[in-house]
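Here are the chains, one letter per residue:
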Amino acid sequence: MNNSTEKAEQAVTIDISGYDVATAEIRSEAKRLLTEKIVDAVVGYQAGRRKGSAVPVIITDPAQAEKLLFSPACVNNLSIYLTKAKKEIRAKGKLAVVAKGCDLRALAGLVGESQFKREEVVIIGVSCAGVHRAGIQPGEPLTNSTIAKKCRECSVHIPDEADLVVGKLPPLPDLPPKEKELMEKLDAMTPALRWEFWKEQFTRCIRCLACRQVCPFCYCEQCLCDRGRPQAVDTSPRPSGNMGWHIVRAMHLAGRCAGCAECERVCPMDIPLNLLNRKMAEELKELYHYEAGMKPVEKGPLTSYDEKDDQSFIK
Amino acid sequence: MSRIGVFICHCGENISRTVDVEQVAQAARQMTGVAYACDYKYMCSDPGQTLLKKAVAEHKLEGIVVAACSPRMHEKTFRNAAQAAGLNPFLCEMANIREHCSWVHDDRAEATTKATDIVRMLVERVRKNKKLVPITVPVTKRALVIGGGIAGIQAALDIADCGHQVVLVEREPSIGGHMAMLSETFPTLDCSQCIMTPRMVDVINHPRITLHTYSEIECVDGYIGNFSITIKKKARSVDMAKCTGCGVCMEKCPQKKIPNEFDKNLGFRPAIYVPFPQAVPNTPVIDREHCTKFINGKCGVCQKVCGPGAVDYEQQDQLVVEQVGAIVVATGFKLYDITEKPKGSAIKGYGEFGHGKIPDVIDGLTFERLASASGPTGGKIVRPSDGKEPKQVVFVQCVGSRAREKGISYCSKVCCMYTAKHTMLYKHKVHDGQAYVFFMDARTPGKSYDEFWRRAIEEEEAVYVRGMVSRVYQKGDKVVVMGSDIAVGVQVEIEADLVVLATAIQPRDGADTLAQKLGISYDKYNFYSEAHAKLRPVECATAGIYLAGACQGPKDIPDTVAQASAAAAKVMTLFSKDQLEREPIVARVNEKFCVGCLACKKVCAYGAVEEKEIRDRQGNLIRVVAYVNPGLCSGCGTCQATCPSKSVELDGYTDEQVMAMLDTL
Amino acid sequence: MALTITEENLRKLVDRLVKDGARVVGPKVAGEMTVYEPLTSGAELAPGTLPRRSAKEAFFPLSETILSFQKGKEGLKVEDVDTNAFPRTVLLGALPCDAAAPQVMDAVFSWDYKDEFYLERRRRTVIVGLSCTSADDSCFCTLVGLAPTDTMGSDLFLTPLAGGGYSCQVVSDRGKEFLAGYPELFAEAATVTPVPPAEPEGTPVDLAKVKLWLEEHFEDEIWEEVADRCVGCGACAFLCPACHCFDIVDEGTEQSGSRRKNWDACAFSKFTNHASGHNPRDVQNKRYRNRFMHKFKYYDDKFGKTLCTGCGRCIRYCPVGIDIKGILEEIGKKALSTKDTKGHEENHHG
Amino acid sequence: MSPTKNVLNYSYYPGCSLHASGKEYDESARGLFKALKIGLQEVPDWFCCGATPAHNVDELLSLALCAKNLELADAVEGDLAVACAACFSRLKTTQHKLGENEVKRKQVEQAIDAKVSLDKPVKHLLEILARDFGLENLQKSVKKPLSGLKIATYYGCLLTRPPDVPQLDCTEAPTIMERVLETTGAETVAWSHRLECCGANFTLSRPGVVLKLTGDILASAKRAGADCLVVACPLCHGNLDIRQKEIEEATGEEYHMPVFYITQLLALACGVPPGKLGFNSMIVNPTPLLKEKNLI
Amino acid sequence: MKHDFEPKIVAFVCTWCTYAGADLAGTSRMIYPSNVRVVKFPCTGRIDPVFILKAFQKGADGILVSGCHPGDCHYMAGNFHARRRFAVFRKLLEFIGVDLNRLEFSWVSAAEGGKWVEIVTDLTQKIRKMGPLTQFTDLADEEQWSGALSNPELKAVYDQV
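Protein chains in written order, with numbering that gives the first Met the number 0: chain B, 0 to 314; chain Y, 0 to 664; chain H, 0 to 349; chain F, 0 to 295; chain X, 0 to 160.
Just chain B, same shape as in the assembly:
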């Protein structure tokens, strides 16, 4: 998803030596937690087959703790393994989870939605300077061109609400916010043009539902879009059904989305799904001063109200 304008931006490589510190600390902490039976399983990252790649792993035996690591390839939001959708992982007992700042916001959201109690999970927070964006060959260094768009505007480098924070943050480069520019461009467009843009994007959607399956907040037992009677959203991956599906998804995540942008990363058709969630987040911040935070909140913006909410749009 890179393009020509980026060449103009001078190349900056981010020092990720801090990640090795994190890897060592995660390993020792995981070993301790497992040997002392504090947790029954640790959800973390381990090296994949391809050199430099990282995949989620659920280890139960302390000896396997040596396999855990943290690198720019650790892009997954591991909080998805703590929701009701992945009953088999929860069945393993008390869990510890490795979490970047954006992942921790998702964990906080899930606690707020009674998916698990905060004390049931040990959170190993990682000070993260950024991870790869989609389509990057594993093992490439972390530079301004390989870093994910969300990391360019990250405000949660240090997950301070975690039980333990590992790793060391390097000096962070000031990268121009690409996604914000894109949002501004879209906002500047006329509605008709924006419609063309999104129609084009959603026409390509093949309804593989990867965006739903990696989203920590899409843990419904039966998704509205899988229902037949009534068929609120057409199930066949044609443009009209896709449009409905993505509008419903964005609306269901409004006020819950943690901004981990996994949906955009995993989309095999490169549809910029995070723009939708970001627009919802911006509106909720402006309207109700709500921002997804590290601390669980009892009620989200759309499950609470205030007598003095804005109603300028209502006649």
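Mixed in with the good hints there might be a few duds.
[Unchecked claim] Incomplete in silico selection of chain B near chain Y, CB under 10 Å:
#1 LYS36
#2 HIS251
#3 GLY299
[To be verified] When the alpha-carbon atoms are kept at most 30 Å apart in a straight line, the in silico DSSO-like pairs for lysine-lysine are as follows:
#4 LYS59(Y) x LYS83(B)
#5 LYS269(H) x LYS91(B)
#6 LYS59(Y) x LYS269(H)
#7 LYS298(B) x LYS601(Y)
Calculated from the structure, these hints are not laboratory results. For each residue, glycine too, the CB sits at the ideal point set by N, CA and C.
Fit chains Y, H, F and X to the supplied structure of chain B, relying on the hints for placement.
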């Protein structure tokens, strides 16, 4: 559902004038699932309904659409007709082709097309309707009344007289509340003890009233028809069964000089005491803070002198649980205390009146105790400082009330009347005394109220000065009242012997904590909020809880008694049936698909959603899901619109029904 | 003597075909990715890199209307799809891992029920394969018995030449027939020096041994270890050239609508959800096991073919990095030690 | 004078009276603060706060005057100390009004063409002594206790009103002056007219009213057995001190009740030489009383 | 008088206030255009954004959502939740590219028959001027993968993704 009957009404010619009803009937016959369609001049008439019932039988109809007026008019009528014909009433819907069509459009073709569209929409809806059976919630026919003032007593007596059990809980050692403190009551000046004591005796003697005095509400669980109330009975240190009320212990008690709260600390009482002579129950209570036995273990005189041996120092607080079906809250009021800083007020009490430090500046209830025959002075009006008879008394109205900067902007409704009464009582007791009243305007709206007020001025010669009081200060043994007389436009200074402040009426202390226990809402002054200011003044929004008396807002005794009887009537309607029947338009959770995110619980304004644990046979927890309590759910549907996976469904307005209607666009 | 065709003539061939009314499906660049899409002109042809989506879409589209109905005055009217109206198609420039797949899938689509939609399109399509010259570490066609130069499934097979242009090898008589239509675009050349083909890493795996191992290890902790991380999306199935499961759903209203055949994936939790609510594959790793078993055992049991051509798309686009190549190698090693107890005869690719 | 090691430092807004009729208030305040080692840095070229007349004539003018003073005060380090009750009330009201009302704030900013600074705390001397400096420290710095002196503290009507603006002390029953004076060992009497108006500017236009009101105040103080009055406002001092003779003639009562500024007595107690406290420029001669209590 | 284009307007209303307001307009015999089709709900809290989306997909040219004034809600808080939900949903539709003039929200109490007529009439006239809403209906006929981007500016943004 494939056998639907469509009945199109002419409504005389209100509909048929602009809608071609035959054409609509004709179109209806073509619609999928419609087995029979006809039009008739007056569907809601008796012949109309008979036609409907016959058609149901003859054509074995499974669903009905009546295209006529607004459902808000005759939905009940036609649903009853459907039920009479053996059909579940909720399989009958109304298509509003009068208010929403024939009356508001003049082009006949347009109106007919629209009417057909509306009928088609409702036919599609009925095809997705499900049989619904009214929710029945068992009702414990026992009522709880909180507060033993005149409001609580009246409500308790009304309910008990109607044959139901009542549990009356009173915080003080005796029932009677503030009315028992009053001397004579306006506008008839009859002595309050004389009219109230019989009622209090009725309460104690009533077979169906269980009385818990010197007790407080510990916690409230459950919902309408099924409340479980935990009451904390504070230890009286006297066994009520044995005590005969002879009063010997009170005479012999060495502690004599404890200020009696009932007499506004004018009179004194012993450590083992009864608040006032006509107390009900007439069993004394030991004030453990001031009783030497409890302070340093010495004394114990009362136990020795007690014949029946009723005194028991070991008695402990007790928790009692009562099952009730309805709750009447009658916790009454307290008077604004000029030394306190009211909630939400920028400044502390009334510094300009010396913050209550001047002994001869008293409030209305203290004057009542002075004037009361059973009061500390036997009805003689005296100055608290030196006991002399005051020759000049100044009454000040609206102290705290209607004063925004003191945090109380409402009018307390009763002070104008009782102040006029006070001037009369004073005149009757001190013939050569002169009463002055500083007031803004007199509010005397009740029956024969204004005449009573005029009498105070014309016959009892009270001097009413229209103006506010700016300062009260002690000058020698006199109390100087500086105010203004705006009628004449001058500053006025009166050197009075006694000043009586008509302070504002506020809810009892702890009103907000009790509200939180009951789950009812209250306003910024802590008065309890009624469900609807005009149409449901004695009910709370929370089903099964009713309000009576000053706890809902300042009011006088006639209004309080009326409200108490109204609340009792509401309780009796609730108890009139064994099962509480409620419209089945309530939400149900599909426990298979609910993932327990509890968003529905967060948006439910009625607290109708609870957490329900699903356990396997061995009892270990599988998961937590939401559960809608049909007794509390009022059917607004906000939960379904909030639930992402629509695992909670509002019967009568399911997604399937709505989508079916939208498919006809 | 080898037939050759220049780059320019190949594009001319596309133009000619399009003018003749044929549907030419080939790799073209859209935005930033290459996909197999109907071409409107030769210029759009962009052979070489492996397209994002597989070529199966030429025969087995993402979503296909199989009938539509309308309730009118005279009752219900049902319209079938006229399969004869399917256009003549040329699948041009399909790399071997895409070209081989249709032949594998033919078996299931012409099994006890003949799927006319698929088979009619197959009958009307000429597949012009293209030898593969670039492979990344996800490619593993050689592991499953294919090769970058394998002509399986192609009617004609182009091999890029060092000096540009392609040598063309006739594989099937349908290819020969097609060639006869455009002789002027092809030339004869004595010797040709092809561009060296790609060499995907990894040594071939004994699929028969793997099948045996799978038979004994239905219940094995390898599935949990490998696929507990699977999130259950459809990316691998939808991008896979060989996956062919579909779901039929009616859309529209009772008055008018259509019946649609859409892709489905065994990774979805709803895939094996019974009406009663029971789900035989209730846990995600069981679903991934089913995917692996179907590709390397069940399909072989039924049709004697391996349902995987080693294109590596499922590795590149798996959200959680599940790596079928790694699993295959791991099981391959474990399988070596198992004996052939059941006496299956040797076959994997007929 | 550069204060040696100062405990606290304040910018200081004296106001017009303290450079004229209320000279003793200013001198005694400076003497007291010097004795207590509290820095008092006068705001350079401050000007009139508008007092009562300004805001009756033109509110924007009165707000602009005070806003300008606040802007000038910003240049001087330390919270703004104010002695005169009227200046204190005007400055506080300006901060309150402009803080609440966006429209007025824009108008004033246009008038003085500078940004209005509302965050600099404005504090009356009493507040500084009672809260910042602390009553215990005040008690420690008393060298000559004023024991035996019976004082009637007079707040006047402006110091604590309107309720939520000055926030000096409880509006209707303040005790700050009593608490401050008691640290010197003096005795304060309970009397009724502590917050009654002295007639303020009517002293020029309708002196009769002042005679009546101030007369009541003096009568009430005498009834309470006070030796003297203590004030914190130059205008109240004026009415009570200058008019005392006329009141005695009008009412036939004998008062001889000296009217001190609170800073005069505090400075005296803290060892500032009496000569510097302007006792001789007071109309009702305080010397006999001070001698009698052997304070000078 | 007939126009060449008669818009299809759908009104989602709450039964306690706006539906009653519409009834009042009926009993007062106020005339207004017949384009609106009313769908009754117990409360605006029950109106799900999916219904609005479905109505647009089914060919509605204009949609009105109306309920009780804040504070009047029969169910105390339904309209407060609805107010937040629709404030966010209309921003999403605007971001997707729907012209918000097609989607109107209002408070109409049971006593405001006049206001109901005024809102419906204004909306119908406005939509009549704007013409039919083809966005959603056209989309229904499209097959997958258009792949053809006409507008260069759009292409630039598209590529930047």
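Right, here's what the structure says about each hint:
1. LYS36: 20 Å, violated
2. HIS251: Holds - the Cβ of HIS251(B) comes within 10 Å of chain Y, reaching about 4 Å at its closest.
3. GLY299: 8 Å, holds
4. LYS59(Y) x LYS83(B): 47 Å, violated
5. LYS269(H) x LYS91(B): 23 Å, holds
6. LYS59(Y) x LYS269(H): 39 Å, violated
7. LYS298(B) x LYS601(Y): Satisfied, since the Cα-Cα distance of roughly 7 Å is no more than 30 Å.
When the structure is compared with the earlier hints, violations turn up for hints 1, 4 and 6 and for no others.
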